[in-house]
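Chains as they are written, first to last, in this note's numbering: chain A, 1153 to 1267; chain B, 4 to 117.
Rather than coming from a laboratory, the hints here were simulated on the basis of the structure. Backbone N, C-alpha and C fix where the C-beta goes; we use that ideal spot for every residue, glycine too. Errors might be hidden in some of the hints.
[What the hints assert, rightly or not] Chain B side only, calculated, beta carbon under 8 Å to chain A, not exhaustive:
(1) Gly43
(2) Gln44
(3) Gly45
(4) Leu46
(5) Leu48
(6) Tyr51
(7) Leu93
(8) Ile103
(9) Glu105
(10) Gln106
(11) Phe108
(12) Gly109
(13) Pro110
(14) Gly111
[As the list claims (entries may be wrong)] Computed Cβ-Cβ distance ranges for the label pairs, DEER-style:
(15) A:Asn1193 x B:Pro98: 23 to 31 Å
(16) A:Asn1220 x B:Ser83: 45 to 53 Å
(17) A:Val1235 x B:Glu18: 39 to 47 Å
(18) A:Gln1162 x B:Pro98: 28 to 36 Å
(19) A:Asn1193 x B:Asp62: 18 to 26 Å
(20) B:Thr8 x A:Ile1203: 26 to 34 Å
(21) B:Thr23 x A:Pro1231: 41 to 49 Å
(22) A:Leu1266 x B:Pro110: 23 to 31 Å
(23) A:Arg1262 x B:Phe15: 24 to 32 Å
[Claimed, not checked] Cut-off 35 Å, straight-line C-alpha distance, at most; resulting in silico cross-link-like pairs (DSBU-like, lysine-lysine):
(24) B:Lys60 x A:Lys1201
(25) A:Lys1221 x B:Lys60
(26) B:Lys74 x A:Lys1201
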Amino acid sequence: AQSVAQPEDQVNVAEGNPLTVKCTYSVSGNPYLFWYVQYPNRGLQFLLKYITGDNLVKGSYGFEAEFNKSQTSFHLKKPSALVSDSALYFCAVRDLDNYGQNFVFGPGTRLSVLP
Amino acid sequence: DGGITQSPKYLFRKEGQNVTLSCEQNLNHDAMYWYRQDPGQGLRLIYYSQIVNDFQKGDIAEGYSVSREKKESFPLTVTSAQKNPTAFYLCASSPRLAGINEQFFGPGTRLTVL
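Given the sequences, and given the hints that come with them, work out the whole structure.
Shown next, in the form of structure tokens:
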């Protein structure tokens, strides 16, 4: 079965500092990996995805993520955090070898960027 | 929120009542999904549909029902059999179910049982 873990419920970072939001996954085949962001009382917005190729994926709003197959991780990063980045972040995986039927979401990590 | 609308934004239900949440998309997407979001639990899949007149149960389908009579619409009914329906409900769509495409989400409906 597919699963996604986000080991930190909350991440606090000062504005201007680099940020990392962690994600690890477990799938039986090759994964498709996604990051989404959710602002209060809103739907999720897509940030970026890893399908194949370069392990460093660049996405929206200056975010990037690094795919590490040996560590089964897909950590979200940004070189310089903004207060407006404060939100709830979800990692998700789709198992292609299982016909990619569904997405599985992690529990979410709340990011607080302090001014 | 990417061409997906959900209504109403807030919904209050008395115990024992069925309620229907609306989800409409104008993105010409084949696949549509319903998720339930509870604090600290992420998103859990209720139902999904790959094509008109076809849908499949997700992980927590008990107490819910759906229909897919039109490509654009995927309404969710929360029945009285759902014992703990208070939650934030999210509808999503994607171009194809078994593909590499991300999902597009609606703004959500917050359901509260009184």
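Now for the hints, and whether the structure bears them out:
1. Gly43: holds, 6 Å
2. Gln44: holds, 6 Å
3. Gly45: Holds - the Cβ of glycine 45 of chain B comes within 8 Å of chain A, reaching about 4 Å at its closest.
4. Leu46: Cβ of leucine 46 of chain B sits 4 Å from chain A, so the hint holds.
5. Leu48: holds, 6 Å
6. Tyr51: holds, 7 Å
7. Leu93: Constraint on leucine 93 of chain B satisfied, holds at 6 Å.
8. Ile103: holds, 5 Å
9. Glu105: Holds. Min distance 5 Å.
10. Gln106: holds, 7 Å
11. Phe108: holds, 3 Å
12. Gly109: holds, 5 Å
13. Pro110: holds, 5 Å
14. Gly111: At 5 Å from the nearest chain A Cβ, glycine 111 of chain B passes the 8 Å test, so the hint holds.
15. A:Asn1193 x B:Pro98: 23 to 31 Å: holds, 27 Å
16. A:Asn1220 x B:Ser83: 45 to 53 Å: With a Cβ separation near 47 Å, asparagine 1220 of chain A and serine 83 of chain B satisfy 45 to 53 Å, so the hint holds.
17. A:Val1235 x B:Glu18: 39 to 47 Å: holds, 42 Å
18. A:Gln1162 x B:Pro98: 28 to 36 Å: For proline 98 of chain B against glutamine 1162 of chain A, whose Cβ atoms are near 34 Å apart, the range 28 to 36 Å holds.
19. A:Asn1193 x B:Asp62: 18 to 26 Å: Holds - the Cβ-Cβ distance for asparagine 1193 of chain A and aspartate 62 of chain B, about 24 Å, lies within 18 to 26 Å.
20. B:Thr8 x A:Ile1203: 26 to 34 Å: holds, 29 Å
21. B:Thr23 x A:Pro1231: 41 to 49 Å: holds, 46 Å
22. A:Leu1266 x B:Pro110: 23 to 31 Å: Holds: the Cβ-Cβ distance is about 28 Å, inside 23 to 31 Å.
23. A:Arg1262 x B:Phe15: 24 to 32 Å: Distance hint for arginine 1262 of chain A, phenylalanine 15 of chain B holds at roughly 27 Å.
24. B:Lys60 x A:Lys1201: holds, 26 Å
25. A:Lys1221 x B:Lys60: holds, 31 Å
26. B:Lys74 x A:Lys1201: Given pair lysine 74 of chain B, lysine 1201 of chain A holds - Cα atoms ~26 Å apart, limit 35 Å.
Taken one by one, the earlier hints all hold for this structure without exception.
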